[in-house]
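Asker: Each chain, written out:
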Amino acid sequence: MTNKAYQRVYTQLEAITKATVSLRAAGVSNDELARVAGRLAQVVKIKGEIVTLQVFEGTEGIPTNAEVTFFGEAPALTVGEALSGRFFNAYGEPIDGGAPIEGERRYIGGPSVNPYKRKQPSQLIPTGIAGIDLNNTLVSGQKIPFFADPDQPYNKVMAEVALRADVDKIILGGMGLSNDDYLYFKQTFESAGASDKIICFINTTDQPPVERLLVPDMALAAAEYFAVDKNEKVLVLLTDMTLYADALSIVSNRMDQIPSKDSMPGSLYSDLAKIYEKAVQLPAGGSITIIAVTTLNDGDITHAIPDNTGYITEGQLFLRHDTDTGKVIIDPFRSLSRLKQLVIGKQTREDHSQVMNTAVRLYSDAAGAKTKLENGFDLSDYDRRCLDYAKEYSNRLLAIDVNIPIEKMLDTAWELFAKYFTKGETAIKQALIDKYWPIKE
Amino acid sequence: MKTTGTVTGIIANLVTVLVDGPVAQNEICHINLGGTKLMAEVIKVTGRNASVQVYESTRGLKQGDKVEFDGHMLEVTLGPGLLSSNYDGLQNNLATMEDVFLKRGEYTLPLDLEKQWDFTPIAKAGDTVYAADWLGEVLEGWLKHKIMVPFSFDGKSYKVKDIVAEGSYKATDRIATLTDEQGAEYEVTMLQKWPVKVAIGCYQEKPRPNRVMATGVRTIDAFNPIAEGGTGFIPGPFGCGKTVLQHAIAKQGEADVIVMAACGERANEVVEIFTEFPELIDPHTGRSLMERTTIICNTSNMPVAAREASVYTAMTLCEYYRAMGLKVLLLADSTSRWAQALREMSNRMEELPGADAFPVDLSSTISSFYSRAGQVVLRNGEIGAVTFIGTVSPAGGNLKEPVTESTKKAARCFYALNQGRADKKRYPAIDPVDSYSKYLEYPEIIGYLGKTISPEWVDMVMEAKNIVLRGKEAYEQINILGDDGVPLSYHENYWRSELIDFVILQQDAFDKTDCNTPFERLKFMLERVLKVCRVKREHDNFEACASFYKELINAFRQMNYSVWQSEDFAKYNSSIDNILGNDK
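Residue numbers (my numbering), protein chains in the order written: chain X, 27 to 467; chain B, 155 to 738.
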């Protein structure tokens, strides 16, 4: 990002806060970038002659006589095929030691797709994880977050999902990523031999939080280039959106905005929607699918961040530690994929929907039996069978370390039904029972 | 001369403009950003400074950019061709935009002005007419679209000087000339404009609602019916089936015209409507659903200020069709997003906030919007109605938040979606105990239901509600004391309520038979279920009680899945008799 030669240099700041500086300047446009004492900043407010800039790196050590120059343009990313396999910082500058990208500059955070021009998502994305494929099937063009407590291995699961998904590009937007996790992603992608289809925009914990605000827009600008211009199937991974929202609240706080629920800015819903709604199935065949991570505070989904997210995304994948098996599972009760009915039974076997519902219903019967047990009531024979079934179901299908094709998931479920229940107890349609109920040797 | 101004301040989409002449509150202006005209609305004036909310992204806007004021408020164009259209919140036609992306400053015409319409006059030369009187009609698909004396002519009487003969005309052609009391002449076309934030009056009276609007959704129609011209709202946490329920009402609701306002929600949900509605059949007329539907779509990623406008745009279109003597249903999903748009603006204007940082006048804004619904008697004695059902997305699923509370004051029906029911997959997840319909207390509605369904209907509904309530109490006791710890009658009470829950309240929105239950069938089923509940039965133990009712529920559900009065229906009906044995 080079400054234009004719740009005037300002050297008199009127006000400095932790995240913003204000100065008198003329001819400045909204959203435009600037450099304040060598640090990148963006215009967030113009009031008469006073221009307020949000300084991404923070304002520590900036003096009132700092040099300010304006770029005359909003944040942009240079796009091109050469983006593939590269690592960038939040400003879209290479951090892998490679050469700068040459190509067209595109503004990030661009306009929305006309809803009338969208296509209905219809392509299944298999992941091998039964908690996803069987119970919460992903569809290309979908947007869905993992809801997970900070101690759960969400980044690992996400990396696995990304590598198994049949897509042309994987774009990682890392916000407040720990350095260890960043290196984990890098190594995993490299050792999987997928380096050439990965693009990463990384802000780590040791970098300033406000910088994170640029990461999703950078990642999605790159995604739009490949999905729209090249008609490719793009998968965007955003982790961790809770840290993104925290950065939003820092900025709005510095700008004296009145906070709404949980100290979040009143515009949180629109801010998050602008990102997630970039997920799209385009008429020409390209698509953008977004898988994000929203970390929770002790499973609390009523907090403003997961709550607003849930209203925006098309479902959520809820990670939970299962005490019975000691494994991390995808909770079948609290997880949901709103788009699954567009593919199950259509691109998967006819028994998918019934098998999925029956398996979850029996698992919920087991939860009832467990409560009975805890309350000291007697268990019936059915209750006991449910409990045994639940353990095996959790171990063989819900656990995140499962990696089998969807047909095998369905067969496993049938096997469990036959092992623990009668045909009548499953209450599955007779025609399907006749066809799929395992015959005992 | 038009007022002009220059930009002096910008915070996100709130722009301050120094003006050189008079401006009106809510006046529309256009900001010139390097040749692109950004539409904006005045929301506050202090001295010579007007604060305007811009309906687009303000990226690149500069201090000193020129602004031109239009001299009127945000208006929609009303005329034939609105039906089946897909608009954004400002009535731009989304279907005629060329680019895949929404371009800033691209505004498309709401109506096709080249299309020829077959006009038949209703009024004749010499007639005295008032605003909203019908001058003639054109066929808009199946609908007899009335061409009216423009609403803005309200307050005076006019004489029809002449009116064109039957024939084919464009919407912009003159179809009549009117003269007012002073002899001034006015040319009338098929088009008129109306400011969206002003309710369309021009009717004789607005009586209390006196008919029920069938939705085909049993838990609504039976337990908490909504009146034609009534208001209702559906609050619920995410994942409770708000959207599925709204779509079900849109598909089956007994209305001539349906306007769906997708306000700040997911784009893929609108895509679902775009994709499915043209294929689906309206159960009342047999035509494609899209032929009675207009979509106003301002999804969550589209500009926030236009989101606020979208619900008003939708309501104005509804009022327009109501003035033609039609029954219109407005569905808005979700009004919380509209309230949030109000909050974002109020916040940027640094107004003192009310609860949860919403503007203090939120409650009055919501009630005045809901009050635009209603049944009206037109000047010619015909009746039109706008029924309004909005959804609310309460933060954290907590109903004690400002939007839900304000809406509760304004709407007459309350359909609370219950997370517990949704978790148990008991859809629609409308809570049968907490929800209410004030219309069930209206003597007009009780009379209507008595006349059209049966004189005992309301008593039956109350009886069923009571059984559900008793069942809930019994369930709580069983949970605390254990299956063996309560008398057998508790189990009986619980299972009676389960029977009503499974057979009447739960409904499969994705099954082509079960999704829609007309009143005739509903009456049959409710009578049949209540008859079972009225008999006092002896069971050996609670397990026998449970398995008896489970068997019954299964047979009743098979009936729900069978076509009304079909062979299967009769078969399952008699299987119920077998289960009941001597007690039938």
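Errors might be hidden in some of the hints.
Only pairs whose alpha carbons sit at most 30 Å apart, straight line, appear in this in silico BS3-like list of lysine-lysine [said to hold, decoys possible]:
{"no.": "1", "chain 1": "X", "residue 1": "Lys143", "chain 2": "B", "residue 2": "Lys313"}
{"no.": "2", "chain 1": "X", "residue 1": "Lys73", "chain 2": "B", "residue 2": "Lys554"}
{"no.": "3", "chain 1": "X", "residue 1": "Lys372", "chain 2": "B", "residue 2": "Lys579"}
{"no.": "4", "chain 1": "B", "residue 1": "Lys156", "chain 2": "X", "residue 2": "Lys71"}
{"no.": "5", "chain 1": "X", "residue 1": "Lys461", "chain 2": "B", "residue 2": "Lys563"}
{"no.": "6", "chain 1": "X", "residue 1": "Lys461", "chain 2": "B", "residue 2": "Lys579"}
{"no.": "7", "chain 1": "B", "residue 1": "Lys666", "chain 2": "X", "residue 2": "Lys287"}
{"no.": "8", "chain 1": "B", "residue 1": "Lys216", "chain 2": "X", "residue 2": "Lys44"}
For each label pair, taking beta carbons as the anchor points, the in silico distance ranges come out as [unchecked claim]:
{"no.": "9", "chain 1": "B", "residue 1": "Thr250", "chain 2": "X", "residue 2": "Thr37", "range": "46 to 54 Å"}
{"no.": "10", "chain 1": "B", "residue 1": "Gly175", "chain 2": "X", "residue 2": "Ser148", "range": "50 to 58 Å"}
{"no.": "11", "chain 1": "X", "residue 1": "Gly98", "chain 2": "B", "residue 2": "Asp253", "range": "51 to 59 Å"}
Residues from chain B that keep clear of chain X, each with C-beta distances beyond 12 Å, as calculated [to be verified]:
{"no.": "12", "residue": "Glu359"}
{"no.": "13", "residue": "Gly479"}
{"no.": "14", "residue": "Phe512"}
It is worth saying that the hints were derived from the structure and are not from the lab. Think of the CB as a built atom: it goes at the ideal place given N, C-alpha and C, for glycine as much as any other residue.
Asker: What are the numbers of the hints that this structure violates, sorted from low to high?
Answerer: 1, 2, 5, 7, 11, 14
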